[in-house]
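Protein chains: 2
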Amino acid sequence: MNPGFTGSPLDRADRLRNDVEAFNAALNDWRARVLGLDGLDPVVASEGGLKWISMAEVDVSVDLILLGLANGKPHFVPLVEGAGGMARSPAVWRALSMLPAEDAAIYGTARSLIDWHNNHKYCGRCGGSTKVFRAGWGRQCTACDAEHFPRTDPVVIMIAEYEGKALLGRQSAWPKGNYSALAGFLEPGESIEEAVRREIMEEAGISCGAVRYVTSQPWPFGGSQLMIACVADADGDQLTIDYNELEDAMWVTKDEARAALADAPDKRFGAPPPFAIAHTLLRRWVEM
Amino acid sequence: MNPGFTGSPLDRADRLRNDVEAFNAALNDWRARVLGLDGLDPVVASEGGLKWISMAEVDVSVDLILLGLANGKPHFVPLVEGAGGMARSPAVWRALSMLPAEDAAIYGTARSLIDWHNNHKYCGRCGGSTKVFRAGWGRQCTACDAEHFPRTDPVVIMIAEYEGKALLGRQSAWPKGNYSALAGFLEPGESIEEAVRREIMEEAGISCGAVRYVTSQPWPFGGSQLMIACVADADGDQLTIDYNELEDAMWVTKDEARAALADAPDKRFGAPPPFAIAHTLLRRWVEM
Numbered sequence: 001m002n003p004g005f006t007g008s009p010l011d012r013a014d015r016l017r018n019d020v021e022a023f024n025a026a027l028n029d030w031r032a033r034v035l036g037l038d039g040l041d042p043v044v045a046s047e048g049g050l051k052w053i054s055m056a057e058v059d060v061s062v063d064l065i066l067l068g069l070a071n072g073k074p075h076f077v078p079l080v081e082g083a084g085g086m087a088r089s090p091a092v093w094r095a096l097s098m099l100p101a102e103d104a105a106i107y108g109t110a111r112s113l114i115d116w117h118n119n120h121k122y123c124g125r126c127g128g129s130t131k132v133f134r135a136g137w138g139r140q141c142t143a144c145d146a147e148h149f150p151r152t153d154p155v156v157i158m159i160a161e162y163e164g165k166a167l168l169g170r171q172s173a174w175p176k177g178n179y180s181a182l183a184g185f186l187e188p189g190e191s192i193e194e195a196v197r198r199e200i201m202e203e204a205g206i207s208c209g210a211v212r213y214v215t216s217q218p219w220p221f222g223g224s225q226l227m228i229a230c231v232a233d234a235d236g237d238q239l240t241i242d243y244n245e246l247e248d249a250m251w252v253t254k255d256e257a258r259a260a261l262a263d264a265p266d267k268r269f270g271a272p273p274p275f276a277i278a279h280t281l282l283r284r285w286v287e288m
Numbered sequence: 001m002n003p004g005f006t007g008s009p010l011d012r013a014d015r016l017r018n019d020v021e022a023f024n025a026a027l028n029d030w031r032a033r034v035l036g037l038d039g040l041d042p043v044v045a046s047e048g049g050l051k052w053i054s055m056a057e058v059d060v061s062v063d064l065i066l067l068g069l070a071n072g073k074p075h076f077v078p079l080v081e082g083a084g085g086m087a088r089s090p091a092v093w094r095a096l097s098m099l100p101a102e103d104a105a106i107y108g109t110a111r112s113l114i115d116w117h118n119n120h121k122y123c124g125r126c127g128g129s130t131k132v133f134r135a136g137w138g139r140q141c142t143a144c145d146a147e148h149f150p151r152t153d154p155v156v157i158m159i160a161e162y163e164g165k166a167l168l169g170r171q172s173a174w175p176k177g178n179y180s181a182l183a184g185f186l187e188p189g190e191s192i193e194e195a196v197r198r199e200i201m202e203e204a205g206i207s208c209g210a211v212r213y214v215t216s217q218p219w220p221f222g223g224s225q226l227m228i229a230c231v232a233d234a235d236g237d238q239l240t241i242d243y244n245e246l247e248d249a250m251w252v253t254k255d256e257a258r259a260a261l262a263d264a265p266d267k268r269f270g271a272p273p274p275f276a277i278a279h280t281l282l283r284r285w286v287e288m
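Protein chains in written order, with the UniProt record's numbering: chain S, 1 to 288; chain V, 1 to 288.
Isolated chain S (complex conformation) (with noise of 0.2 angstroms):
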């Protein structure tokens, strides 16, 4: 199973983003699609895909981004108004349930550029407004004609590795009984394994040795972050816990994984969505 977010089919066409004579060639393709959103959430169709619809449906006072060509049509989403920000609605994810692989990526692509536009009105160097160019993929400052680009953050997630168990926790404004991965964001100045390792000891005084990449994912909430899952090998299994972090924090068995992973009746806690990362590398950790 690859990482929720991932296998989009769009081609991004950076080539198009530069060149405004193709990218108003595109804008004013009959074929072209736009992304259908209720606010930031999706809509889904009826045929269970993301909504898309042409662009006589589309306000002419909005910017559009473009997305990318898909069998030479291209695709946008429109610079919707919108706070973003952790917070998802109930609708986000009973969506992200149904959507196919490949929606729920192009999905995650355009309300990460969404969520950027509107945190980047402004001009962080000046002050001065900011407006949308290259094909929406960056702002220039009016002021000071700085430019400014689409950023993610990297975040790292994972797992410490214990004698055959791993190390999981949970926040007290998860669902009861949910346990995941631990999860930071990486400072300026830390490399993969560094960051990897200073999360676990703040988060659980655990400290750690080795650390080992599995598998990445765009996160489309919060903004746009890049997970950046990991096992470390930890060198004991005391734990000091944050509580300003975690509310709790344990060491499971492989099975006690896998009976989360299938939802057996008598698991002993709840896994990640599997559209989430800790999903994946759970599963992954569970056959290593």
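Calculated from the structure, these hints are not laboratory results.
Only a predicted model underlies this, so the values are computations on that prediction, with no experimental measurement involved.
A hint or two may mislead.
Treat identical chains as interchangeable: a pair holds within one or across any two.
Below, computed lysine to aspartate or glutamate pairings styled on EDC-like, alpha-carbon distance capped at 20 angstroms [claimed, not checked]: (1) LYS165 with ASP266; (2) LYS51 with ASP63; (3) LYS121 with ASP145; (4) LYS121 with GLU147; (5) LYS176 with GLU161; (6) LYS51 with ASP38; (7) LYS165 with GLU256; (8) LYS254 with GLU287.
Take the given structure of chain S and dock chain V to it, following the hints.
What follows is chain V alone, placed relative to chain S:
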């Protein structure tokens, strides 16, 4: 050999950042050390490491960023003005060839943080001016209270491999004869593996299958970058070079890479410097 800019001996002491009292105590700790800088460049002390100065030598009007603790001693860097950006002075390059790895890691973190502050003096959401908070690990808008945190941009850097040969490229601005791994910014909505395949396709017209993660490194020039080094299995070796991105690209054998890394007189190409992850990647590849 560890990748450059990794291995900082400082404990980042995240717990002190939200604790104003503890942070003030650190500022008033007589053992505190402050990183000496010449503009944005490092200053190499007579013993060969970074130069540290005492709190008494620092202009009281300058904000101090808490880099972390070593042996209980707080270590700071002054938030100086500076353009940062991709431009690297010859002095930085010379200093990096002399500094111990641990000191290069501390300097890299400091430089990335300074660069971030100088590019985020205004709030992207409302245009209001921002001020330093969280011991230098954030800025808060004085108008709308929005909190902003230091960003790091993930960059994929990779070798495509085909029948035992590695694909390397060169940009026209590089020293004559130097070749390195291809690289590019990861975009919103992509996994590491997807970004690797897209970049190799865009720059060299080569389609790739499996992508193997190798290692990672923070890079403090042009902001704060997370360099993610990979090897990708190429489906063929017929190059279609994007001359907007590259001046040239070529397939090299492991023997040729070894000669370049050893700086042999009859080498086919010049290798990247040891503190660049492309060097580490090439070294790991010849050992694979």
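Verification of the hints:
Within a single copy, LYS165 and ASP266 get their C-alpha atoms as close as 19 angstroms, which meets the 20 angstroms cut-off; across copies the closest is 52 angstroms, which misses it. Proximity of LYS51 and ASP63 under a CA criterion of 20 angstroms is satisfied intra-copy only: 19 angstroms inside one chain copy versus 50 angstroms between copies. Taking the shortest alpha-carbon separations for LYS121 and ASP145, both the intra-copy value of 13 angstroms and the inter-copy value of 16 angstroms come in at or below 20 angstroms. When the C-alpha separation of LYS121 and GLU147 is checked against a cutoff of 20 angstroms, the pair qualifies both within a copy, at 12 angstroms, and between copies, at 15 angstroms.
In this assembly of identical chains, the alpha carbons of LYS176 and GLU161 never lie at most 20 angstroms apart, being 24 angstroms within a copy and 47 angstroms across copies at closest. Taking the shortest alpha-carbon separations for LYS51 and ASP38, only the intra-copy value of 10 angstroms comes in at or below 20 angstroms, while the best inter-copy value is 56 angstroms. For a Cα distance limit of 20 angstroms, the shortest separation of LYS165 from GLU256 inside one copy, 10 angstroms, qualifies, whereas the shortest one across copies, 44 angstroms, does not. For the homomeric pair LYS254 and GLU287, the shortest alpha-carbon distance inside one copy (9 angstroms) is at most 20 angstroms, but the shortest distance between copies (33 angstroms) is not.
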